[in-house]
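Q: Those sequence lines, one after another, are chains D and R. Yeah, the first sequence ends on 176 if you go by the numbering used here, and it's all consecutive. Yeah, the second sequence ends on 261 if you go by the numbering used here, and it's all consecutive.
Just so you know, these hints were derived from the structure itself, not from any lab. If you're wondering where the values come from, they're calculated on a predicted model, not measured in any experiment. Among the hints, a few may not be true.
[Said to hold, decoys possible] Output of the computed footprint for chain R on chain D, the stretches with three or more beta carbons under 8 Å from beta carbons of chain R:
{"hint": "1", "region": "72-81"}
{"hint": "2", "region": "92-103"}
[To be verified] Below are the DMTMM-like pairs computed for lysine to aspartate or glutamate, each with C-alpha atoms no more than 25 Å apart in a straight line:
{"hint": "3", "chain 1": "D", "residue 1": "K167", "chain 2": "R", "residue 2": "E145"}
{"hint": "4", "chain 1": "D", "residue 1": "K107", "chain 2": "R", "residue 2": "D256"}
{"hint": "5", "chain 1": "D", "residue 1": "K36", "chain 2": "R", "residue 2": "D115"}
{"hint": "6", "chain 1": "D", "residue 1": "K157", "chain 2": "D", "residue 2": "E84"}
{"hint": "7", "chain 1": "D", "residue 1": "K167", "chain 2": "R", "residue 2": "D149"}
{"hint": "8", "chain 1": "R", "residue 1": "K240", "chain 2": "D", "residue 2": "D92"}
{"hint": "9", "chain 1": "R", "residue 1": "K77", "chain 2": "R", "residue 2": "D149"}
{"hint": "10", "chain 1": "D", "residue 1": "K54", "chain 2": "R", "residue 2": "D210"}
{"hint": "11", "chain 1": "R", "residue 1": "K240", "chain 2": "R", "residue 2": "D149"}
{"hint": "12", "chain 1": "R", "residue 1": "K193", "chain 2": "R", "residue 2": "E145"}
{"hint": "13", "chain 1": "R", "residue 1": "K111", "chain 2": "D", "residue 2": "E175"}
{"hint": "14", "chain 1": "R", "residue 1": "K43", "chain 2": "R", "residue 2": "E248"}
{"hint": "15", "chain 1": "R", "residue 1": "K43", "chain 2": "R", "residue 2": "E145"}
{"hint": "16", "chain 1": "D", "residue 1": "K36", "chain 2": "R", "residue 2": "E147"}
{"hint": "17", "chain 1": "D", "residue 1": "K157", "chain 2": "R", "residue 2": "E243"}
{"hint": "18", "chain 1": "D", "residue 1": "K36", "chain 2": "R", "residue 2": "E219"}
{"hint": "19", "chain 1": "R", "residue 1": "K220", "chain 2": "R", "residue 2": "E145"}
{"hint": "20", "chain 1": "R", "residue 1": "K55", "chain 2": "D", "residue 2": "D154"}
{"hint": "21", "chain 1": "D", "residue 1": "K157", "chain 2": "R", "residue 2": "D236"}
{"hint": "22", "chain 1": "R", "residue 1": "K220", "chain 2": "D", "residue 2": "E159"}
{"hint": "23", "chain 1": "D", "residue 1": "K54", "chain 2": "R", "residue 2": "D218"}
{"hint": "24", "chain 1": "R", "residue 1": "K43", "chain 2": "D", "residue 2": "D141"}
{"hint": "25", "chain 1": "D", "residue 1": "K157", "chain 2": "R", "residue 2": "E145"}
{"hint": "26", "chain 1": "R", "residue 1": "K201", "chain 2": "R", "residue 2": "E243"}
{"hint": "27", "chain 1": "R", "residue 1": "K196", "chain 2": "R", "residue 2": "D149"}
{"hint": "28", "chain 1": "R", "residue 1": "K85", "chain 2": "R", "residue 2": "E243"}
{"hint": "29", "chain 1": "R", "residue 1": "K55", "chain 2": "D", "residue 2": "E159"}
A virtual CB, placed ideally from N, CA and C, is assigned to each residue, including glycine.
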Amino acid sequence: MISKNFLLALAMLMSVVSCMPPKYLITAPKSVPSDVDGRAKKFIFLPKGIETPNKFAYLINKNRTAAFTEELKKVSDADTRRFLRSIQNLFAGKYSLAYNDIVNVPRSSFDYEAQILLADVLHEMHVDTLNYQRIYQRVADSTKDENIRAIAIKRNRFLKYEK
Amino acid sequence: MRSSLSTILIIAMALLVSSCSPYGRLAKDFAGKQTSIQFIHSPGKSPVKFNISVGFVKPVITDAAFKSGQIKNVKTEIIPAIIYTGWTYFYECSIGRNQVKEKLDSFVQSSLVEEGNRKGIFTADTSSNHPYTVEIEIDSIRSAAIHKTTGHFVYLFFFATWGSSTNATGNPAYCRFHYRLRKGEKVIVDKSIGNYSTIDFLRPFPFDEKTFNVYLRAYLVESLGDAIRKNIEAVVREVNRELRVDPMLTQ
């Protein structure tokens, strides 16, 4: 028999958790990177090739799964579809599903953001055997996109702040 | 009777104000753990390598003030009034060897070797048996901030309200290398290079004091890494400059 007080406490806890701001923020590709207000947010830029980046950003940030799935059907490129689905699953906390998609996207895709996303997913899965600093260094050295480079450098900062 | 009542009141106020001191939480969350100082080397193209090796000897930290991290009370302001008590605590929080996860001298040496191999026109390692060697003394190194906690307690009959806020200010980190480039036994460069960190503080959101203290430690260690990175890059640039004018290499 579950007491009323327990249910009330559970409801309060759930409402607090649901009010916690997500640590990831999905944005359209041309946005200014992360340091906007010095807050601890992990930015993910959507790929440049997709037609409706703002719509995808909105749907993922608001966790509108059904509408996202519908919108995803309009994307023809298989790697872009996997990348977007992986972001959505990462955002929703479904890390195994996110991994299954991103692991099949070449690391250098989307100016090496695929490599960052894979590292994000593995980090969320508490894989501690990887040298994340090396990964972010490789991305910073390899990408041609200044925004992605800024993301890689800031991800390395998060490693320190989260431990 | 009246004097004992005022004694109790004073003791109660002293207890209230001292319990609001952030020292205990700072000792636990700021000083009690370690943060990695690993940084991302500045990206850029590797230059063409000459067939020459440079050895980076393990640096020596000669700054006597850099030992273990400290939390030092620099000022306390208390306003005890009849219906209002306000307080402000200022603590200087400084980073020492015990807050840095890596052994600092070994870390600087391996970072010099890595940067040398990335951006040097030479190959770098830790051996001292090369025609060129670099010796470094870290003669000034610090990373500190002022941790400020303000709070108030307002009470009137059976009603009371209180609040507090925490902030950190100050110049985060500075590091200076005194370095010598030797060609065999001869010292060909004897210089100092010092840099401040210029990175910003990531504020935790939503705010809570424990996370703030953890972030402050991470920030100060990271700032120290940033100042060290700048020095390392400057040393490698200087070694490149000297090697470029070496007649043996330019023949």
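Q: Hints first: check each against the structure and report whether it holds.
A: Results of checking the hints against the structure:
1. 72-81: As far as the region 72-81 of chain D goes, the hint is violated, because 0 residues have Cβ atoms under 8 Å from chain R.
2. 92-103: Violated - the region 92-103 of chain D has 0 residues with a Cβ nearer than 8 Å to chain R, which falls short of three.
3. D:K167 with R:E145: violated, 32 Å
4. D:K107 with R:D256: Distance ~59 Å between K107 of chain D and D256 of chain R Cα, so the pair is violated.
5. D:K36 with R:D115: Roughly 35 Å separates the two Cα atoms, so the pair is violated.
6. D:K157 with D:E84: violated, 29 Å
7. D:K167 with R:D149: Distance of about 29 Å is beyond 25 Å: violated.
8. R:K240 with D:D92: violated, 38 Å
9. R:K77 with R:D149: holds, 13 Å
10. D:K54 with R:D210: Within the cut-off at roughly 14 Å; holds.
11. R:K240 with R:D149: holds, 16 Å
12. R:K193 with R:E145: Cα-Cα ~11 Å, so holds.
13. R:K111 with D:E175: holds, 14 Å
14. R:K43 with R:E248: Violated: K43 of chain R and E248 of chain R sit about 36 Å apart, past 25 Å.
15. R:K43 with R:E145: With Cα atoms ~31 Å apart, K43 of chain R and E145 of chain R exceed 25 Å; violated.
16. D:K36 with R:E147: Between K36 of chain D and E147 of chain R the Cα gap is close to 41 Å, so the pair fails against 25 Å, i.e. violated.
17. D:K157 with R:E243: Holds - the C-alpha atoms of E243 of chain R and K157 of chain D are around 22 Å apart, at most 25 Å.
18. D:K36 with R:E219: holds, 18 Å
19. R:K220 with R:E145: Answer violated: K220 of chain R to E145 of chain R is near 40 Å, above 25 Å.
20. R:K55 with D:D154: Measuring from Cα to Cα gives roughly 8 Å; hence the hint holds.
21. D:K157 with R:D236: holds, 23 Å
22. R:K220 with D:E159: violated, 34 Å
23. D:K54 with R:D218: holds, 16 Å
24. R:K43 with D:D141: holds, 18 Å
25. D:K157 with R:E145: Distance of about 35 Å is beyond 25 Å: violated.
26. R:K201 with R:E243: With a Cα-Cα distance of about 14 Å, the restraint between K201 of chain R and E243 of chain R holds, given a limit of 25 Å.
27. R:K196 with R:D149: holds, 22 Å
28. R:K85 with R:E243: violated, 38 Å
29. R:K55 with D:E159: With Cα atoms ~15 Å apart, K55 of chain R and E159 of chain D stay inside 25 Å; holds.
Checked against the numbered hints given earlier, this structure breaks hints 1, 2, 3, 4, 5, 6, 7, 8, 14, 15, 16, 19, 22, 25 and 28; the rest are met.
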